[in-house]
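Engineer: Here is how the chains run, residue by residue.
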Amino acid sequence: MMRMQKNRGPKRPQAVETFDAGKLELGEDFQDAECLLISEVKVLLEAQYESKKEESNFTPVYLKTLEYVQKFSRYTNRDTIKEVRALLKPTQLAPFECAQLGNLCCTEYDEIKSLVPSIGDKISDDDLDSLLKQMDSLKKYQA
Amino acid sequence: MREFVTKRLYRDVEGTCTGRYGYIIAVVAILEIQMGKVIPGHGSAEFEVKYSAILYMPFRNEVVDAVVDNVNTLGVTANAGPFGIFISRSYIPTDMKFDPHSNPPSYHSEDQKIEKGAMVRVKITGTRVDATEIFATGTIKEDYLSVIE
Numbered sequence: 001m002m003r004m005q006k007n008r009g010p011k012r013p014q015a016v017e018t019f020d021a022g023k024l025e026l027g028e029d030f031q032d033a034e035c036l037l038i039s040e041v042k043v044l045l046e047a048q049y050e051s052k053k054e055e056s057n058f059t060p061v062y063l064k065t066l067e068y069v070q071k072f073s074r075y076t077n078r079d080t081i082k083e084v085r086a087l088l089k090p091t092q093l094a095p096f097e098c099a100q101l102g103n104l105c106c107t108e109y110d111e112i113k114s115l116v117p118s119i120g121d122k123i124s125d126d127d128l129d130s131l132l133k134q135m136d137s138l139k140k141y142q143a
Numbered sequence: 001m002r003e004f005v006t007k008r009l010y011r012d013v014e015g016t017c018t019g020r021y022g023y024i025i026a027v028v029a030i031l032e033i034q035m036g037k038v039i040p041g042h043g044s045a046e047f048e049v050k051y052s053a054i055l056y057m058p059f060r061n062e063v064v065d066a067v068v069d070n071v072n073t074l075g076v077t078a079n080a081g082p083f084g085i086f087i088s089r090s091y092i093p094t095d096m097k098f099d100p101h102s103n104p105p106s107y108h109s110e111d112q113k114i115e116k117g118a119m120v121r122v123k124i125t126g127t128r129v130d131a132t133e134i135f136a137t138g139t140i141k142e143d144y145l146s147v148i149e
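As you go down the protein sequences, you meet chains A and B in turn. Residue numbers for the first sequence, in UniProt numbering: 1 to 143. Residue numbers for the second sequence, in UniProt numbering: 1 to 149.
By construction, these hints were calculated from the structure, which means they are not laboratory data. Heads up, the beta-carbon is just placed ideally off N, CA and C, and yes, glycines get one too. Be aware that one or more of the hints could be misleading.
[Stated by the list, open to error] Each pair of labels, with its calculated beta carbon distance range:
id, chain 1, residue 1, chain 2, residue 2, range
1, A, 50, B, 100, 35 to 45 Å
2, B, 11, A, 27, 19 to 29 Å
3, A, 124, B, 97, 36 to 46 Å
4, B, 11, A, 44, 14 to 24 Å
5, A, 127, B, 52, 44 to 54 Å
6, A, 110, B, 7, 49 to 59 Å
7, B, 1, A, 32, 48 to 58 Å
8, A, 46, B, 20, 20 to 30 Å
9, B, 128, A, 49, 27 to 37 Å
10, B, 112, A, 110, 14 to 24 Å
11, B, 128, A, 133, 32 to 42 Å
12, A, 44, B, 128, 22 to 32 Å
[Said to hold, decoys possible] With a straight-line cut-off of 16 Å between C-alpha atoms, the simulated EDC-like cross-links for lysine to aspartate or glutamate are:
id, chain 1, residue 1, chain 2, residue 2
13, A, 64, B, 149
14, B, 141, A, 136
15, A, 71, B, 149
16, A, 113, B, 69
17, A, 71, B, 65
18, A, 64, B, 65
19, A, 64, B, 143
20, A, 64, B, 133
[To be verified] Computed from the model, here is a short list of chain B residues facing chain A with C-beta under 8 Å:
id, residue
21, 21
22, 60
23, 62
In isolation and in its complexed conformation, chain B is listed as follows:
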């Protein structure tokens, strides 16, 4: 029974995402499984389980490193682990110009280049929480933000 409840917990909560806790990436330890209750008039039972887990919650004004996923005229999308960040063109430094003819398409200034696969340091300006994912918007138009090696 214990094993079943444990397995079920792993299956049900790992990889989910809520507005309150962000992403539940992995359950680390199960602290307590309470006595189950059979729900009257129903075949199922309910168990309360206390567990600790690794969560990932992006906050506004937090600085994160991300990998560029896509570059187009509107801006840049990047991934920081499970969630995506969109950096609008207006939040990219003005000296970085979009070059659709380069392969792959990129934003570049004289010494820096943003293209797919590049690593950028982004400040999160806002987050939107969906049922199954979090999406963030970010900026690299500030001191010490931009492409990193």
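Excised from the complex, chain A in its bound form:
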């Protein structure tokens, strides 16, 4: 008996999900993009909010994001943000990993390595540990 191939109509486009933050595959548009810390986004958005308050036509996306960054901003002080950036800059980490370090604010190197697996062996455990400790103390002593 001859088998007939069933006609299932035009082939549906399947979503190609190749991006994987765990392996640091962010796609060509984002691979080398600068990643901002939540605290930095807060500074930028608040500055814009102040200057455009009179027009008061903010998009819902803008307002939701503003609310989110205000809730999760770890560093309240501009100078602290600068210092955190200065700590992260000399490391071998990708921009995305730097941002994750600054945003998640872990205290143990095991924790951050589990949450951001792409860090892997890019940085020694001791270095990572001291980096996290320094960031933590900056957070504690910010004005």
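Since the structure of chain A is provided, determine the placement of chain B on it from the hints.
Structural biologist: Here is chain B on its own, set in the frame of chain A:
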């Protein structure tokens, strides 16, 4: 003219969402406005504008903090800024039980509680891009993920 093009850019792109770039949250700077072209046979003109903007693109396997929005028998929905995350019941640790009689409804274990307004640390397992929004699914059933203070 410059001012009009600038205003129009702000109005047209801010708050939009595409599969390629994620959310365009805010335009930060306008780098270049090129000479406009009038479209033949049409009254309008076209300007190419280069600008820098703050984007928000959620990636698979990225860990984000989110605020719980709704809790029901199926799972938990949470918001991380502009986009929503759904955490299915099967991706919530098994020791956290759904309690419909608590007010508000919650998932709780002996020492942790997920209810509306709680903050959770979620790993994104997948994203779906619509015309106007991104929706993600997530998990909290892994080491170091769960409710945060």
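Engineer: Does each hint hold? Answer for all of them.
Structural biologist: Verification of the hints:
1. A:50 with B:100: 35 to 45 Å: 44 Å, holds
2. B:11 with A:27: 19 to 29 Å: 28 Å, holds
3. A:124 with B:97: 36 to 46 Å: 41 Å, holds
4. B:11 with A:44: 14 to 24 Å: 19 Å, holds
5. A:127 with B:52: 44 to 54 Å: 32 Å, violated
6. A:110 with B:7: 49 to 59 Å: Given range 49 to 59 Å: holds, Cβ gap about 50 Å.
7. B:1 with A:32: 48 to 58 Å: 34 Å, violated
8. A:46 with B:20: 20 to 30 Å: 28 Å, holds
9. B:128 with A:49: 27 to 37 Å: 30 Å, holds
10. B:112 with A:110: 14 to 24 Å: Holds: the Cβ-Cβ distance is about 20 Å, inside 14 to 24 Å.
11. B:128 with A:133: 32 to 42 Å: Cβ of residue 128 of chain B to Cβ of residue 133 of chain A: about 39 Å, so the range 32 to 42 Å holds.
12. A:44 with B:128: 22 to 32 Å: Holds: the Cβ-Cβ distance is about 28 Å, inside 22 to 32 Å.
13. A:64 with B:149: Not OK: residue 64 of chain A and residue 149 of chain B at ~21 Å, beyond 16 Å, violated.
14. B:141 with A:136: Violated: residue 141 of chain B and residue 136 of chain A sit about 26 Å apart, past 16 Å.
15. A:71 with B:149: Holds. Residue 71 of chain A to residue 149 of chain B sits at ~12 Å (cutoff 16 Å).
16. A:113 with B:69: Given that 16 Å is the threshold and the Cα spacing comes to 28 Å, the pair is violated.
17. A:71 with B:65: Roughly 10 Å separates the two Cα atoms, so the pair holds.
18. A:64 with B:65: 14 Å, holds
19. A:64 with B:143: 29 Å, violated
20. A:64 with B:133: 13 Å, holds
21. 21: Cβ of residue 21 of chain B sits 7 Å from chain A, so the hint holds.
22. 60: 5 Å, holds
23. 62: 4 Å, holds
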